[in-house]
Each structure stands twice: as structure tokens, then as C-alpha cells.
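Participant: Chains as they are written, first to last, in the numbering used here: chain G, 3 to 259; chain V, 103 to 418.
Covered stretches of chain V (chain G as the covering partner; in silico rule of three or more C-beta atoms under 8 Å from a C-beta of chain G):
#1 271–279
#2 293–307
EDC-like cross-link-like pairs, simulated, lysine to aspartate or glutamate; straight-line CA separation at most 20 Å:
#3 K81/G x E294/V
#4 K280/V x E131/G
#5 K151/G x E292/V
Calculated directly from the structure, the hints in this document are not laboratory data.
Each residue gets a CB set at the ideal place from its N, CA and C atoms; glycine is no exception.
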Amino acid sequence: MTEAILQIKGLGRHYGGVRAVDDVTCLVQRGIVTALIGPNGAGKSTLLNVASGVTPASFGKVVFNGEVMTGKRSDQVCKAGIARTFQTPQLFPNLTVRENVLVGATRRGHVSLTRIALALPGARRDLREIDVDTDALLGELGLAPIAEKLVGKLPFGQQRIVEIARGLASRPELFMMDEPASGLSRAEVEGFRDLILKIAGRGISVLLVEHNMQLVMSTADQILVLDKGKLLASGTPGEIRASEAVKSAYLGSYAEH
Amino acid sequence: MNSYRKAGWLLPVVAIILPLFIGGLPSALNLAILVGIYFTVCIGLTLIFGIGGQLSLAPAAFYGLGAYTSALLSTRLGVPVLLGFVAAGVLCGVIGWLLARPLLRLRAVYLAIATLAFGDILNTLIRANSEITGGSSGIVNLPSPALGSFEFNTPLRYYFLVWAIALFALWIGNNIVKSRIGIGLRGLAESEIGAASCGIDVARYKAWMFTIGAILPGVAGGLLVHYLGFISPDSFTTQFSILIVMILAVGGRDSLLGALTGAILVTVLPIMLASYEKYSPVIFAVLFLGSVMFMPKGLAGAAMAAMSKWRRSRND
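My request is simple: use the sequences and hints to build the entire structure.
Facilitator: Below, the structure written as C-alpha cells:
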């Protein structure tokens with residue numbers, strides 16, 4: 003029996019009269035890949051934004067590892083151990099790949115500004131220790147050859163991988179990815195599938211918001227289906243594929259292919 | 103990176119031996135002192151604007167606040183000037199810290215306008231409270247700073263005082279720029295959402311830099327007026343903030359080397375152009391527009407790029 007790493011309890015986010023997320027209650031299990039799917043406008047990205055502190059919740063709670071996340075800012079959510087990527091990558095285009103990943107390791111820096119500004123003991127070690135890990139991470143994700151390139155000059159597919167690397171640099175327990183495959187070529191999506199499985203293989207729980215059903219079906223252990231802001235179904239990929247409600251709301255087009 | 107490290111020991115050496123060459127020329131020494139003072143102000147703005155991306159036009163306000171703090175403390179209360187400099191830095195730092203959170207919620211041009219307004223309010227207050235500040239005519243006969251019985255009362259002595267402080271500020275600035283926090287600052291300048299998702303407390307980072315960007319002009323303002331021996335609100339108008347932004351634009355806003363390059367250029371150029379005085383605003387405008395359009399990283403950035411290109415071509 004797996005335990006939940008993330009509990010979403012009666013969560014809602016309203017924009018004026020629009021209920022982008024409307025009373026959603028669900029669990030994200032530890033150590034597996036959970037996919038969050040649903041038609042456009044179902045509230046998937048909003049749910050992710052609320053869970054990561056980018057957008058405040060209108061009501062309800064998000065609990066991570068027993069700690070309430072709702073009401074926290076996104077830097078605090080990151081510090082608690084949740085990493086995320088964005089539908090449109092929120093990278094730093096004029097920083098190098100290495101620097102982008104270094105910023106990702108912010109959570110692990112413990113030296114204060116005063117210490118750094120006055121070069122007191124510990125200040126040098128602060129960056130050096132993170133630097134070593136960054137090299138290892140860049141190597142592992144195949145980014146070492148482009149480590150000194152500016153991220154803004156990389157092809158889109160590589161930018162997606164840099165954003166993943168930046169998230170991993172914080173050593174998260176939960177990694178939330180917002181449509182990581184959108185805008186990627188078929189071959190790049192294949193590569194991404196391996197990457198997601200590798201991340202899960204390290205014991206990091208993954209919450210994957212994704213439209214590409216091939217990617218979802220080949221990586222997810224659990225699937226949550228959102229529709230019009232509400233949780234429509236949840237289950238294993240097999241159960242979801244078999245569900246009539248999901249088929250009529252969303253999967254119709256996929257099932258026909 | 104490498105060139106940074108070289109500049110790290112080169113600059114103090116140059117600063118120490120420079121008076122051997124210009125020590126006998128009061129006008130050159132005078133310029134070197136002004137460069138040091140401007141440079142100190144610019145280091146602050148480089149952190150908040152050049153690296154952190156927040157266009158603040160508050161340098162003039164803190165420059166003035168610091169200057170009046172040490173001027174008033176020394177003339178009205180007889181506080182030693184050096185202690186007055188410390189008080190100027192502390193007061194500016196506290197006010198900077200308090201203003202940072204509400205101000206830095208604003209972005210881009212809104213932040214620029216709000217910081218500009220802060221400066222104008224301060225300037226008006228100084229002019230209005232003439233019984234304390236001397237109003238528009240200011241205060242004359244400001245004492246020189248002294249360390250025990252050693253007075254910084256000659257240009258040469260003042261030169262060393264100014265550059266000791268400027269180099270200390272540079273050292274602090276450089277420690278921050280090359281640290282994890284410095285990289286994070288450059289990141290948040292490009293995407294605040296991205297930076298926050300990496301665990302960066304964006305508001306706090308900005309507040310820190312705004313505070314340092316208040317302390318440094320505060321101390322520099324004190325340095326200026328006790329060098330000149332008088333203070334008046336005319337030295338702390340919006341124009342000064344614009345000048346500092348211009349120094350960063352021309353020299354290169356994303357590095358401390360750029361701030362130095364710009365400070366030297368903006369101080370020395372008017373002297374070189376003295377015989378074309380009529381045209382100097384035009385020449386400055388062309389220089390400013392030219393660097394903004396063709397050298398986004400300023401003269402220092404362009405020079406660095408040219409140097410690494412030359413090095414690469416030699417290696418091939």
C-alpha cells in the first residue's frame with residue numbers, strides 16, 4: 003500500500019464567476035508517476051499553480067508530506083520539497099545552462115547574504131558544493147556539452163530538459179511538470195518519456211499534467227481526470243481507458259486513433 | 103570569470119600607485135575623487151538595476167539623504183565626520199529597507215516613477231525646512247573627516263579615503279555578484295515566477311539589493327559634501343539619478359567593471375570636451391543612445407567580447 007505525498011482537499015480556485023478548479027479532492031501517491039489529464043480548460047494548470055503557490059487557493063487545502071502548502075509562496079513550496087516546470091518554460095534566457103541549474107539549487111544554499119557579502123567562512127563553499135552536484139546532474143541529463151551556452155539560444159526541446167534539470171537541482175521529493183511534451187518533436191517526446199521514468203526511478207514522485215496520451219499511458223501509474231474544474235475519475239491507465247465517463251468527456255478522440 | 107579575478111588585484115594596485123602620477127595635478131586628483139564617489143553610487147545601482155533588473159531612480163535621494171545626515175550631524179551636533187558617514191549609511195539602509203517592500207512590488211517604469219517621486223519629496227522637504235537644512239542655499243564650511251588627529255584635508259588624503267571606501271564597496275559587490283545569490287538575482291531579473299519556483303524569495307532578494315543600493319549612495323553623498331565643504335539640495339536632483347543610470351548604460355550595466363568604466367568616462371569626458379562645451383550635451387546624448395542601441399552591455403561588455411574573440415582567433 004502506497005501512501006499519499008500530496009493531498010488535495012476540497013480545493014477551489016475561482017476567477018470571478020469562473021470556477022477554474024471547483025472542489026477537487028484527490029491524492030498523489032508517493033514514489034510513482036501520477037498523470038493529471040483533461041480537456042483544455044479543465045483546470046489542470048490552475049490546479050498545479052495553486053498547489054505550487056503561484057496562484058492562491060479560493061478555498062480548500064493542499065497538504066504535502068503532512069504540511070499545509072496553501073497560503074505559502076512558491077519559493078516556500080519549493081523549499082518544502084516540490085519542484086515544478088511550466089507550460090511555457092520560465093527559464094532565464096540570458097543565463098547559461100549551468101547557471102540556470104545552479105539557481106535551481108537555491109534550496110540547498112544555507113549561507114546568508116551577510117556571510118557571502120563579507121566573504122566570511124562558508125561563503126566560498128556555498129557555491130562550490132552546489133557546483134559539483136550541478137556538474138554531475140548536467141552530465142547525467144546529457145547537458146554537459148552545452149553547459150556554458152545561453153539558454154535563450156537553445157532549441158526548445160533542450161530548454162525543456164534544462165527546466166527539468168533546474169527542478170532536479172533542488173532535490174525535490176515531488177516534481178510537478180506542466181505539459182512538458184508540448185512543442186516537442188516525436189523523437190524528443192520519446193526522450194522525455196525515458197527522462198520521466200528515470201526521475202521516478204530515483205524515487206521522486208511525479209505529477210504530470212500532459213495532453214500527449216502516448217506519453218501519459220507509457221509513464222503514468224495513476225491517472226487523475228479533470229473536467230470543467232471537477233475531478234471526473236481516477237485510477238490506473240487501464241481503468242481510465244475503460245471508463246465510459248472519461249471516454250465521452252475527453253478520451254473519445256484518443257480512443258478512435 | 104578569469105578577467106574578473108585579474109581585475110580583482112589590479113584595481114587596488116592602480117588605485118594606490120595612481121597618485122604617483124597625478125598627485126601633483128590637483129585637477130586630475132579631483133577627477134579621481136569624483137570617479138571614486140560616482141563609482142560607489144554605481145555599485146549600488148548595478149546590484150539592484152544592472153543585475154537585479156529593477157530600475158530604481160532613487161540613488162539621488164539616498165545620495166542626498168546621506169549627505170545631509172553627515173553634514174547636519176557634524177555641523178549641528180559636532181559628531182565626527184567619519185561617524186557621520188557611518189550614520190548616513192545606516193540611516194539610508196534602514197529607510198531603503200523600509201521602502202523596499204512597498205516600492206518593489208512595482209515594476210519597470212512604475213518603479214522608476216515611484217523612486218523618482220521619493221527623491222522629489224526628499225528634495226522638497228530639504229528646501230522647505232530651511233532652519234535645519236539651510237534650505238536652498240544649503241550649509242557651508244563643512245568640516246573634513248579626521249581619524250584621530252589625522253585630517254583628510256588635502257585632495258591626496260581625500261583620494262585615499264574615497265578609494266578605500268569605493269574598493270570596499272567593490273569587494274562586497276563582487277562577492278555578491280559571483281555568489282549563488284548573484285546568479286539568482288540575474289535569474290529573477292529574467293523571470294520572477296521561474297526564480298520563485300526555484301526557492302528564491304524574490305521580494306527579499308530585491309529588498310536586500312535595494313538596501314545595499316541605498317547604503318552606498320548614502321555614504322558616497324557624505325563623501326562628496328565633506329570634500330566640497332558645502333551642501334545644497336541642487337546636488338541631489340533627479341538629474342543625478344539619470345546621470346548614474348547613464349553611467350551604467352554607457353559603461354555596461356551588468357558588471358561592476360562596467361560601472362567603473364562608465365564612471366571614468368562620464369567624469370573625464372566633459373573635461374576633454376571642455377573646448378567644445380556648447381556641443382557636449384549633444385555628444386553625451388549620442389554616446390548614450392549609441393551605447394544603448396549598439397552596445398547593450400556597454401563599453402566594458404563590448405571590450406570583453408572583443409577580447410575573448412581576439413583570444414579565440416589567436417588560439418585557432
